[in-house]
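Asks: Turn these sequences into a full structure, and let the hints guide you.
Number of protein chains: 4
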Amino acid sequence: MSVLMEFSMFPTDQGESVSAQVSEVVRMVRESGLDYRLTPMGTVVETDNIAEAMALVERAAAVLDDLGCRRIYSAIKLDIRHGRGGRMTGKIESVEGRIGEVER
Amino acid sequence: MSVLMEFSMFPTDQGESVSAQVSEVVRMVRESGLDYRLTPMGTVVETDNIAEAMALVERAAAVLDDLGCRRIYSAIKLDIRHGRGGRMTGKIESVEGRIGEVER
Amino acid sequence: MSVLMEFSMFPTDQGESVSAQVSEVVRMVRESGLDYRLTPMGTVVETDNIAEAMALVERAAAVLDDLGCRRIYSAIKLDIRHGRGGRMTGKIESVEGRIGEVER
Amino acid sequence: MSVLMEFSMFPTDQGESVSAQVSEVVRMVRESGLDYRLTPMGTVVETDNIAEAMALVERAAAVLDDLGCRRIYSAIKLDIRHGRGGRMTGKIESVEGRIGEVER
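Chains as they are written, first to last, in the numbering used here: chain B, 1 to 104; chain R, 1 to 104; chain X, 1 to 104; chain A, 1 to 104.
Hints in this document: simulated from the structure, not taken from any laboratory. Quantities reported herein were computed from a predicted structural model and do not represent experimental measurements. Just so you know, not all the hints are guaranteed correct.
Copies of the same chain are indistinguishable here, so a pair counts whether it falls within one copy or spans any two.
[Claimed, not checked] Using 20 Å as the maximum straight-line C-alpha spacing, the simulated DMTMM-like pairs for lysine to aspartate or glutamate come out as follows:
#: 1; residue 1: Lys91; residue 2: Asp13
#: 2; residue 1: Lys91; residue 2: Glu101
#: 3; residue 1: Lys91; residue 2: Glu103
#: 4; residue 1: Lys91; residue 2: Glu16
Replies: Next comes the structure, spelled out in structure tokens:
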């Protein structure tokens, strides 16, 4: 099983700039040991089970809660597929195999 | 703590109509005992902790897996806020208090 | 063609409560003449073409901009399907036809 | 004004693998001339106005429609902010300025 999850999570009560808070969430993801990529609009992780992905979302909310955030918003997408992993790079390579090089 | 979660989850390998599979996910949510509402684009639930919300997403994926779905997509939104619950109806009532009656 | 769109849009620079700003977006949707439903986590609209749905998102951003919001976040889902409309109620009725009455 | 949009769009009536269809959407984005990045879970673009972003979503749906897809799903996120652009790289650099190098 391969679980790709893209998620954004941020406080909405901390003013226009939230990079301080978001950075602490990213630090937690980096320290989790999961395969991840930071994008301009969220973080993508790959795991082989959904429980691990859900636990990461929970920990992200705990990070923001610990920073004193009182309202938190999150948008999450999951792409769950039977079979082997390696889709963090595999999906983009599959597109490039069809149409040539893309920005990534 | 009040956790409002809206989520959609469906197979993408089962053809154009997926109401049979989605119905089984909704049945699971209904039997969970959580406060929920079905909308045309997803299911909204309210809990007082994020772990319970994440566990529901996990069980939804298990329902579809048990039905033989090999690829599953999900889009999830969370609105987490300190303070008391009752936001399943409270947020809409707050809008109506400002602009009058709306369709719901 | 039936286009179902669920969208949430809110400022992130206006503090913890944003019901004043969100209410003005909902007012605009109500006055648009489109078939819509307000849910605790967003607004669902049905149109017969995607251009109309995208124009609504644009107008929603303009409403918040006019209110002085300097940072706006939005999460949008589209379910586009060939064939006739009526899916605002049709999708829920299809679920109820399979598993019996649900909360809505 | 800087509009960052992350979007995924894919058919749900074309079976488990949809890379052929998704590749044509990515090709259209690449040819649009907009600044974009492909991620494992979607495409991020930056524009200076929301109309251009919405037009891209419309064209993406047209690409899939032309390929004969009869049901299309899309999940879109917008981060709209007053001020100058350059956020495609700027947001990640801001995180790295706080916590050091990250995977991207």
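Asks: Just pull the numbers of the violated hints for me, sorted ascending.
Replies: none
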